[in-house]
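Protein chains in written order, with our numbering: chain S, -18 to 97; chain R, 11 to 121.
Rather than coming from a laboratory, the hints here were simulated on the basis of the structure.
Here the structure is a predicted model, which is why all the values come from computation and not from measurement.
Heads up, the beta-carbon is just placed ideally off N, CA and C, and yes, glycines get one too.
It cannot be assumed that every hint is accurate.
Looking from chain R toward chain S, a few residues come up when the C-beta cut is under 10 Å (computed) [to be verified]: (1) D41; (2) A51; (3) G112.
Cut-off 20 Å, straight-line C-alpha distance, at most; resulting in silico cross-link-like pairs (EDC-like, lysine to aspartate or glutamate) [stated by the list, open to error]: (4) S:K25 x S:E90; (5) R:K15 x S:E21; (6) R:K47 x S:E21.
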Amino acid sequence: NAGVMQNPRHLVRRRGQEARLRCSPVKGHSHVYWYRQLPEEGLKFMVYLQKENIIDESGMPKERFSAEFPKEGPSILRIQQVVRGDSAAYFCASKPGTPSSGNTIYFGEGSWLTVV
Amino acid sequence: DQQVKQNSPSLSVQEGRISILNCDYTNSMFDYFLWYKKYPAEGPTFLISISSIKDKNEDGRFTVFLNKSAKHLSLHIVPSQPGDSAVYFCAASAVGNQFYFGTGTSLTVIP
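Please build the complete structure, drawing on both the sequences and the hints.
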């Protein structure tokens, strides 16, 4: 999947714990997207980030969820006080920042969160 | 509000025949469209894209057609192979914005 690295691939958390999902984009990509796929559903947009900037967070739940993409290091999707309904596959995707580089986003392998 | 729709949850095709997957969208501002293929427990893999200035784009066995007036696009796979069995997602975006995905169509190619 074109070099987008996500970890952990699988994460089990008890209700009330915190989950942190990391995403390293393709080298040179400065835009990151997070999507969630609930069981038997499609890909739902969560947040779109540029380095040190949130471009669009209209898909993020208002509470417990946050995302960042710092100047250095991976993008982090953080879920506080997890509940069973947060169990899903979380996919990160990236694209270059320059329009001439194309408008295709490339996905990582995903992080599967299970809340018990 | 589902801006990108894939109305067929599943499709079965004989090996060697053509697979046609359909996608409809509602937002006339969309100017870039993509198809992704996804196997279970893996991330979506980019297949093919098309800009709104074109009505057809071809890459090997895969061809995407865009009908802007009908707000409809389709992916043709010919000839279909068993390895093509997967879930296919269409996606659409406007410049600088998020990518909207359909709910996916599960394609089964029967040997």
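- Pair hint outcome, K15 (chain R) versus E21 (chain S) [Cα-Cα no greater than 20 Å]: Between K15 (chain R) and E21 (chain S) the Cα gap is close to 15 Å, so the pair holds against 20 Å.
- Satisfaction of the A51 (chain R) interface hint, Cβ to chain S closer than 10 Å: With a closest approach of 8 Å, the A51 (chain R) hint holds.
- Item | Pair hint K25 (chain S) and E90 (chain S), alpha-carbon separation not exceeding 20 Å | Roughly 16 Å between the alpha carbons, so the hint for K25 (chain S) and E90 (chain S) holds.
- Message: Holds or violated: the hint that D41 (chain R) contacts chain S, with Cβ atoms closer than 10 Å.
- Response: Since chain S brings a Cβ to about 9 Å from D41 (chain R), closer than 10 Å, the hint holds.
- Item | Status of the G112 (chain R) interface restraint (C-beta, 10 Å, chain S) | Holds. Min distance 6 Å.
- Item | Pair hint outcome, K47 (chain R) versus E21 (chain S) [Cα-Cα no greater than 20 Å] | 16 Å, holds
Checked against the numbered hints given earlier, the structure satisfies every one of them.
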